[in-house]
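Chemist: Assembly of the complex is requested from the two constituent chains, each provided in isolation within its own frame, with the hints serving as guidance.
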Amino acid sequence: MGKSLYQKVWESHAVSTLADGRTQVFIGTHLIHEVTSPQAFGMLRDLGLKVKYPQRTFATVDHIVPTENQDQPVDPLAAEMMAALQSNADDFNVTYFDLKSGKQGIVHVVGPEQGITQPGTTIACGDSHTATHGAFGAIAFGIGTTQVRDVLATQTMAMEALKVRRIEVNGKLRPGVYAKDVILHIIRQLGAKGGIGYCYEYAGNIFDEMSMEERMTVCNMSIEGGARCGYVNPDEKTVAYLKGRPYVDMSDFEATAARWLSFASDPDATFDDVVKIDAGEIEPTVTWGISPDHGIAISETIPDPAAAATPVEKASIEEALAYMKLPAGTPIKGVKVDVAFIGSCTNGRLSDFREVAKYIQGHKVAEGVKAIAVPGSQIVAQLCKQEGIDKIFTAAGFEWREAGCSMCLAMNPDKLVGDQLCASSSNRNFKGRQGSPTGRTVLMSPVMVAAAAIRGSVADARELFDLAPQSAVA
Amino acid sequence: MALAKVTSVSGTGVFVPGADIDTDRIIPARFMKCVTFDGLGEFAFYDVRFNPETGEKTEHPLNDPRFKEASILLAGVNFGCGSSREHAPQSLSKYGFQAVIAESFAEIFFGNSTTLAMPCVTLTAAEIAQLREAVEADPAVEITIDLAAKRVRSSAGHDFALNIPESARDALVSGRWDPIQELLDNESKVSATAAALSYV
Ligand code: SF4
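Protein chains in written order, with our numbering: chain A, 1 to 474; chain B, 1001 to 1200.
If you're looking for bench data, these hints aren't it; they were derived computationally from the structure.
Here a beta-carbon is modelled for each residue, glycine too, at the ideal position from N, C-alpha and C.
Treat the hints with care, as some may be off.
Unchecked claim - Partial list, computed: chain A residues near chain B (C-beta under 10 Å):
hint: 1; residue: Gln24
hint: 2; residue: Glu213
hint: 3; residue: Val312
Stated by the list, open to error - Listed below are the simulated DSS-like cross-link pairs for lysine-lysine, each with C-alpha atoms no more than 25 Å apart in a straight line:
hint: 4; chain 1: A; residue 1: Lys391; chain 2: A; residue 2: Lys364
hint: 5; chain 1: A; residue 1: Lys103; chain 2: B; residue 2: Lys1033
hint: 6; chain 1: A; residue 1: Lys8; chain 2: B; residue 2: Lys1189
hint: 7; chain 1: A; residue 1: Lys415; chain 2: B; residue 2: Lys1005
hint: 8; chain 1: A; residue 1: Lys415; chain 2: A; residue 2: Lys325
hint: 9; chain 1: A; residue 1: Lys325; chain 2: A; residue 2: Lys314
hint: 10; chain 1: A; residue 1: Lys358; chain 2: A; residue 2: Lys391
hint: 11; chain 1: A; residue 1: Lys103; chain 2: A; residue 2: Lys3
hint: 12; chain 1: B; residue 1: Lys1057; chain 2: A; residue 2: Lys415
hint: 13; chain 1: B; residue 1: Lys1068; chain 2: B; residue 2: Lys1189
hint: 14; chain 1: B; residue 1: Lys1094; chain 2: A; residue 2: Lys325
hint: 15; chain 1: A; residue 1: Lys8; chain 2: A; residue 2: Lys163
hint: 16; chain 1: B; residue 1: Lys1189; chain 2: A; residue 2: Lys50
hint: 17; chain 1: A; residue 1: Lys358; chain 2: A; residue 2: Lys237
hint: 18; chain 1: A; residue 1: Lys100; chain 2: B; residue 2: Lys1033
hint: 19; chain 1: A; residue 1: Lys243; chain 2: A; residue 2: Lys370
hint: 20; chain 1: B; residue 1: Lys1189; chain 2: A; residue 2: Lys52
hint: 21; chain 1: A; residue 1: Lys333; chain 2: A; residue 2: Lys364
hint: 22; chain 1: A; residue 1: Lys385; chain 2: A; residue 2: Lys364
hint: 23; chain 1: A; residue 1: Lys358; chain 2: A; residue 2: Lys314
hint: 24; chain 1: A; residue 1: Lys370; chain 2: A; residue 2: Lys325
Unchecked claim - Simulated restraints on C-beta separations:
hint: 25; chain 1: B; residue 1: Asp1138; chain 2: A; residue 2: Gly171; range: 56 to 66 Å
hint: 26; chain 1: A; residue 1: Asp252; chain 2: B; residue 2: Ser1188; range: 51 to 61 Å
hint: 27; chain 1: A; residue 1: Thr310; chain 2: B; residue 2: Glu1042; range: 42 to 52 Å
hint: 28; chain 1: A; residue 1: Gly197; chain 2: B; residue 2: Ala1192; range: 22 to 32 Å
hint: 29; chain 1: A; residue 1: Gly244; chain 2: B; residue 2: Asn1051; range: 48 to 58 Å
hint: 30; chain 1: B; residue 1: Asp1138; chain 2: A; residue 2: Glu367; range: 51 to 61 Å
hint: 31; chain 1: A; residue 1: Lys336; chain 2: B; residue 2: Lys1068; range: 41 to 51 Å
Isolated chain B (complex conformation) (with noise of 0.2 Å):
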């Protein structure tokens, strides 16, 4: 199972406000009612960008057109605590997302993210805000978020320094996000600790 290696994300970016924004916020437990992960993506954040009384579009940030097209999602502290569920990553990825920027992220929302391929990456309050300003002062600003440099830059000339975790990153630039036929690959080793457990 060859996987896509990825070195670098780039895409415009969207910021949306609020720290520690759990998984139930982005997507709410009734749209888990599913058997597949296919369709989440027009559920992710609903209770917040809906107006819950009319079913009006509230000023969400996921709502303006101008980010319409935005690939990069920013973000505060905290990010994605809260349940465990997938769908949380699986319905922001759907929804066109390809890498997160944070201040920082729950383990589990981080590691399921790992998994599919989308990058979650922190940078300081003060860079956040940087680039905040720029793609809401202009949408059209291009974020690139270079794994292999370990760099976050924008076409608005900013240049920071990002944190990840050295084995997601790896395993990221590597191709090895998914880590299944590695598991698949130690049988032999599986069965051996198995058989020194005396209860499996």
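This is chain A alone, in the form it adopts within the complex (with noise of 0.2 Å):
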């Protein structure tokens, strides 16, 4: 019987079965970054132990960074956690991409840019949002900083083994509907819990026809659906982006391609579950809310209370509209903004802002509204600049940035005030996840944050930008 990619990348990284039944998985790549690491390299000290493998171990910093300018002072406690990771680099060994170096940026755009990220590979890192690399074709997850410290130890941790669940989205996207709004809308479908337990594969022609990037910003949000880890079978899109990477050996390349290739599930492997999508269906999504499984339609009402099917759903529409000061009922087209932010590991990739460039020249962004363009990393900021892209931005009204994570999750200086309403093309709409413990934010892909920062208020890309032909829903 045919083996899962899932399958295959676990069995070859199963080190033994401990005594409480879990598996020692040995994990190929270990990323890590400021904010989860110190904890962990402190444990590590206590115990006197060593990194088992520095050479697995890549490091760089993303969470604190100053966007505005990188090198500006930073507030005392940042600037203990960059010296702290800083010093445990050199300690034990581990490469560090720092901001001398170039190469710094989010740690999951860092690892696919450098080649570090391959198929067939288990990669975890102190971050949920490491299924990112699944796109590679890699079995990557986030951990606690404990695993992050059994990871430095041993190169192993304990893990239970997961359910697959193939998704699979075929047919054809309308025009001015973007990765980001297949995985809103899987997630939407599937509920923020429904992938507990499981791993996600990615499948059906429209992944296979996705970019690189496209499908990291699925995998990027798997874990918003609940999923611990998710990927797309390598191919030779897989390759042709990893050929040539700083990481990759090419030594004898057509032999390692076959090799990642050959991690791809199997034409009769069987899954746990499937989910079928039909891609016609997905229209520009829009979150109302504060789970990332709040979205609807960029055409659709922000949903009712009152029409909820179950007391529970009733009182979570409640909490969140409460929360979002938003009316029942009502357009959420329309609804103000008062920042827009392009950027994060979910789109924060030269793709990102190269599609985003396409639309917005001639275009300013609306009065009051503060826009900010984060590029992923220092190379995307790099290749954008070459490109002029910044300018675009930057004449269309953007402030445009330096590398980081930013106002993903704004343990930097860039940051809600109150309750700003901010069009983000991040991955999360908790309750204060940009900063202010009353800011609010609406999910949804970039060239429709664009869009909400030019008309000032949420809008329909496909209009303002004149993404013919109009969706078949009003």
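Modeler: In structure tokens:
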């Protein structure tokens, strides 16, 4: 019987069965950043242990970096965290893509860029969006700090096997519908808890046709659907993307590529669950509430608690609307925005900025809207500059920033103020996520964020940028 | 490294309402600027315990002096979802919680808590509602999570069957909730696995 990619990777990385029944899994690549690693290094020191495979551990700094000017002095706590990462990297011989390297960026942008992220590998990072790397056919997942310690000390961790759900999206996407809309739609359909206990395999012609960067956008948000990880099977696009990148061994590339491709799920692989979605049903999707599964098509109205099917659902809609200060039953289109943010590990890559740049020329950010564009890495920033994309953004009234997580979770100076509403290309719309305890987030694709910035309100990018033909839904 | 066997946890309880309480809510990101976990306890649920505009205490149950001593947290569905930050269970543990009872847990939060020897067990919504009623009527009601017998009991007479994945239960009751020693002991097997992987 055939095997899924998940099974193949799991079996090749299983070390032993532990006394509690869990599996000890070898972690091929360990990525670390400044927020979740210092405590783990502290535990390592307390136990008198070393990093077992320093050459398989890679560090960068992303969450707390100021983006207006990366060199500007940071607050003392942030400075302490950066200094801790530097000294841990030095003491334990770990590669560190620091601010001066020209390669710094959000850890989930840096890994693929450097060719560290490879098919058929296991990747762990003390960060829940590690699933991003699944775009390459890796089994990649977020871990807690104590597990960061385990991986540092042993290059392994204790884990239970996951079930695999294959999500097939076939058909044709309508104009103006992006990878972000596909994943927001999937999460809306299956729920924020739907993936608990699962790894998601994204399959069907829609993912086959996506670029590697679009696949990363999809895999990135697996965790928002409750899945620990998600992947797309490696194919020729995966191979072409990785070819020649710094950490790819080019000595016998053909053999390497063949090995990578061999990890793809077999045609007769079986899955614990299969979900089929018609691509033609997917609309540009935005969130209206405080959970990533609070998504609706831009043409829909904000849910009405009165129409809820169960008392639990009713209470949850009421709580969300009270926080969002949005009226039930009214169109989401037209809701005023104060801030527009394009960036993050979901949508902060070259293709995201390129796509937006195609449409914003000749437009201006609406008066009173603060719009910021934050490249996901120093390399993305550099490439955008070479193509003149930064100029297009600034001409349209965006602030063009330096690389970092920025307003995705606002551990740096980029924060919402009071109950500002932000049209955001990031991945989480939790209460207080963007730095103000009352700040409000509406998730959407980068092109939709640009449309919202220009209109000054949640808008249908297809109308503003004339992305005809119009959808069938009025 | 001999670890304590966690066979049973007892204490008074407090109910924190809401479904899908994410780890950003448990510990807002701005309090993650730290290089150790010490001191995180006072920031647990900060943004819902204090009015963001005035800084005044809200009516959050953790601000209610009747529940000051509570060491068992009662919650709803999908508790601990969102960010993988271990800061969340760490802040609850440092705050003084020794266990969480909820309808369901997000996976990473669950694993992180187990590794801190803070059991997370599930009961049904109706059972949690009964415990809530009991502790709200009398905060001195003592709740016992008996991991050996797989029951949750209370001094008010409740006795429910609890659920917890067997691997986590076993790890807690047999004092293996922190797997580091076992992982280290398997060094030769680890090297063999690594040797078979062409990319390592
Ligand atoms: S961009 Fe946002 S989601 Fe991604 S790693 Fe940074 S903070 Fe986390």
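Chemist: The structure should be examined with respect to each hint, and the outcome stated for every one.
Modeler: Now the hints, each set against the structure:
1. Gln24: With a closest approach of 6 Å, the Gln24/A hint holds.
2. Glu213: violated, 23 Å
3. Val312: For Val312/A, the interface hint holds, since the closest Cβ of chain B sits about 7 Å away, which is under 10 Å.
4. Lys391/A / Lys364/A: Given that 25 Å is the threshold and the Cα spacing comes to 13 Å, the pair holds.
5. Lys103/A / Lys1033/B: Status holds; Cα separation ~23 Å.
6. Lys8/A / Lys1189/B: Status holds; Cα separation ~19 Å.
7. Lys415/A / Lys1005/B: violated, 44 Å
8. Lys415/A / Lys325/A: holds, 19 Å
9. Lys325/A / Lys314/A: Since the Cα atoms of Lys325/A and Lys314/A sit roughly 16 Å apart, the hinted pair holds (cutoff 25 Å).
10. Lys358/A / Lys391/A: Cα-Cα ~12 Å, so holds.
11. Lys103/A / Lys3/A: Violated - the C-alpha atoms of Lys3/A and Lys103/A are around 37 Å apart, more than 25 Å.
12. Lys1057/B / Lys415/A: holds, 23 Å
13. Lys1068/B / Lys1189/B: Violated, at about 48 Å.
14. Lys1094/B / Lys325/A: At roughly 34 Å apart (the allowed maximum being 25 Å), Lys325/A and Lys1094/B break the hint.
15. Lys8/A / Lys163/A: The given pair, whose Cα atoms are some 13 Å apart, holds under the 25 Å limit.
16. Lys1189/B / Lys50/A: Cα-Cα ~18 Å, so holds.
17. Lys358/A / Lys237/A: Measuring from Cα to Cα gives roughly 24 Å; hence the hint holds.
18. Lys100/A / Lys1033/B: holds, 22 Å
19. Lys243/A / Lys370/A: Violated: Lys243/A and Lys370/A sit about 39 Å apart, past 25 Å.
20. Lys1189/B / Lys52/A: At roughly 14 Å apart (the allowed maximum being 25 Å), Lys52/A and Lys1189/B satisfy the hint.
21. Lys333/A / Lys364/A: holds, 19 Å
22. Lys385/A / Lys364/A: holds, 20 Å
23. Lys358/A / Lys314/A: Cα-Cα ~41 Å, so violated.
24. Lys370/A / Lys325/A: holds, 20 Å
25. Asp1138/B / Gly171/A: 56 to 66 Å: The hint (56 to 66 Å, Cβ to Cβ) holds, given that Asp1138/B and Gly171/A are roughly 59 Å apart.
26. Asp252/A / Ser1188/B: 51 to 61 Å: Once the Cβ atoms are compared, 29 Å apart, the range 51 to 61 Å for Ser1188/B and Asp252/A is violated.
27. Thr310/A / Glu1042/B: 42 to 52 Å: violated, 37 Å
28. Gly197/A / Ala1192/B: 22 to 32 Å: Taking Cβ atoms as reference, Gly197/A and Ala1192/B lie about 29 Å apart, which means the hint holds.
29. Gly244/A / Asn1051/B: 48 to 58 Å: The hinted range 48 to 58 Å holds for Gly244/A and Asn1051/B, with Cβ atoms some 55 Å apart.
30. Asp1138/B / Glu367/A: 51 to 61 Å: holds, 58 Å
31. Lys336/A / Lys1068/B: 41 to 51 Å: holds, 42 Å
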